[in-house]
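Undergrad: Sequence:
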Amino acid sequence: MQLDIYNVLFKNYRGAIIDEGEQYRYSLWRVWDENLPRVLFVMLNPSTADGQEDDPTLRRCMNFACKWGYGSLEVVNLFAYRTPNPKMLKGITNPIGDKNDEYIKEALERSERVILAWGTKGSLFNRDKEVLKLLKNQSNKPLYTLELTKSGFPRHPLYVKSNITPIRF
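Using the numbering used here, the first residue of the sequence shown is number 11, and each one after it goes up by one.
It is possible that some hints are incorrect.
Said to hold, decoys possible - In the DSS-like style, the derived pairs of lysine-lysine whose C-alpha atoms are separated by at most 30 angstroms in a straight line are: (1) Lys109 / Lys146; (2) Lys77 / Lys100; (3) Lys151 / Lys139; (4) Lys97 / Lys115; (5) Lys171 / Lys109; (6) Lys171 / Lys115; (7) Lys160 / Lys97; (8) Lys115 / Lys77; (9) Lys171 / Lys143; (10) Lys77 / Lys160; (11) Lys115 / Lys160; (12) Lys100 / Lys139.
Calculated from the structure, these hints are not laboratory results.
Whenever a hint applies, use it, and build me the whole structure from the sequences.
TA: Next comes the structure, spelled out in structure tokens:
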């Protein structure tokens with residue numbers, strides 16, 4: 011499947027929930043086949059992708075989702091603050107965002123599979139542990155990852171092979 015075709019044909023099946031000041035992105039989704047299930051990626055923080063534009067991470071996730079037989083994906087993050095430089099999260103007063111946990115819960119309900127993919131910086135403010143607890147308390151869906159880092163964190167999608175299959179976390 012060629013994602014370039016999807017980007018042309020399915021422009022209306024994409025969106026994002028971003029606050030008025032455009033500082034926080036709570037949810038991002040892409041749909042290419044409504045008859046197939048949805049996969050949820052839980053990552054570190056949003057970068058530049060929005061309701062219309064994709065970034066390299068989102069394109070990689072879309073490729074994975076297509077290969078695995080999903081018809082849509084949704085992305086939520088440990089931190090909703092938008093920055094292409096995750097190191098900046100430390101200096102932000104509220105990097106999580108006021109509504110982030112609610113959007114994570116809602117996305118979990120809509121998705122058939124959950125892929126954890128936040129990389130090594132998820133432990134900032136113990137946020138990875140908070141979100142893992144939230145996911146486990148909210149649903150009995152099994153959690154998956156693409157691969158684990160040497161330290162046991164769920165590896166970011168840009169740093170795994172393109173033919174990878176999710177494994178249980």
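Undergrad: Which of the numbered hints above does this structure break?
TA: Violated hints: 2, 5; rest satisfied.
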